[in-house]
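Novice: Got chain C sorted already, so can you dock chain L onto it with the hints?
Protein chains: 2
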Amino acid sequence: MTNDQDYKFHHIGVLTNNIEQSKKELSNLGFYFNKDIFDPVQEVDLSFGVNDKNLLIELVKPTKNSKILGLLKKNGAGPYHLCFEVSSIQEKEPDLKKRGFICVLKPTRAIAFDNNLISFFFSKSLGLIELLEK
Amino acid sequence: MTNDQDYKFHHIGVLTNNIEQSKKELSNLGFYFNKDIFDPVQEVDLSFGVNDKNLLIELVKPTKNSKILGLLKKNGAGPYHLCFEVSSIQEKEPDLKKRGFICVLKPTRAIAFDNNLISFFFSKSLGLIELLEK
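Protein chains in written order, with numbering that gives the first Met the number 0: chain C, 0 to 133; chain L, 0 to 133.
Rather than coming from a laboratory, the hints here were simulated on the basis of the structure. Just so you know, even glycine gets a beta-carbon here, dropped at the ideal spot from N, CA and C.
Cut-off 27 Å, straight-line C-alpha distance, at most; resulting in silico cross-link-like pairs (BS3-like, lysine-lysine): (1) C/Lys-23 to L/Lys-96; (2) C/Lys-52 to L/Lys-7; (3) L/Lys-123 to C/Lys-23.
Only part of the chain C face toward chain L is listed, based on derived beta-carbon distances under 10 Å: (4) Asn-2; (5) Gln-4; (6) Lys-7; (7) Phe-8; (8) Asn-16; (9) Glu-19; (10) Lys-23; (11) Tyr-31; (12) Ala-76; (13) Pro-78; (14) His-80; (15) Phe-121; (16) Ser-122; (17) Lys-123; (18) Leu-127.
Isolated chain C, as found in the complex (with noise of 0.2 Å):
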């Protein structure tokens, strides 16, 4: 199988509906909690913990007009994407493409990472994944 050395796991994405609660069951299960952010464009509150393995964590609450709010309230909370850094969104999305991934966000500044580009892709056998350019 192919192995493209450029792709970086990043974080994994934990949809809530309560992100206080959320924080503290992650805390209790590893995780120190040191960013929080809203995300204007998203629409969503970020809070990002990490693990004694570096292991990055996203929770991710949607408001009221977020986009993905619809998500939350079909699937409920719980882990819902990974996230990798890749050195150009644009040169990975053909590829993507071809892998049949669905580009269901378009590169966009994202305020919580650097106001580097983000894009998110969905596919039938991964659900869905964040590029995040580095």
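Specialist: Frame of chain C; chain L shown alone:
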């Protein structure tokens, strides 16, 4: 917030309806798969992959009799549980229940984990978590 040092992050569980396709996509994203196994208790095909940061992913494909086939049909493919290693599931259970977790799979020997005990819990703020006793 409390932090129980006994919980050690173990893996991310990813649901799929096509394990070979999911392996292919995750391989492209930096994971190496080297263990396939059928779990007759949960009636699921499993495949384990790891990346260069030692992050472990468990692909889970429910067979037609599996209790989690409904979850796949409802939510589609994608990450759906976080697993934590603990020294004793029995010792954790009362605290998790106090925290609002419901046990959805009682401690069960898991062939994929050297016949060690696993158990699943559900909470409204985190979704599903798995405990693995080692």
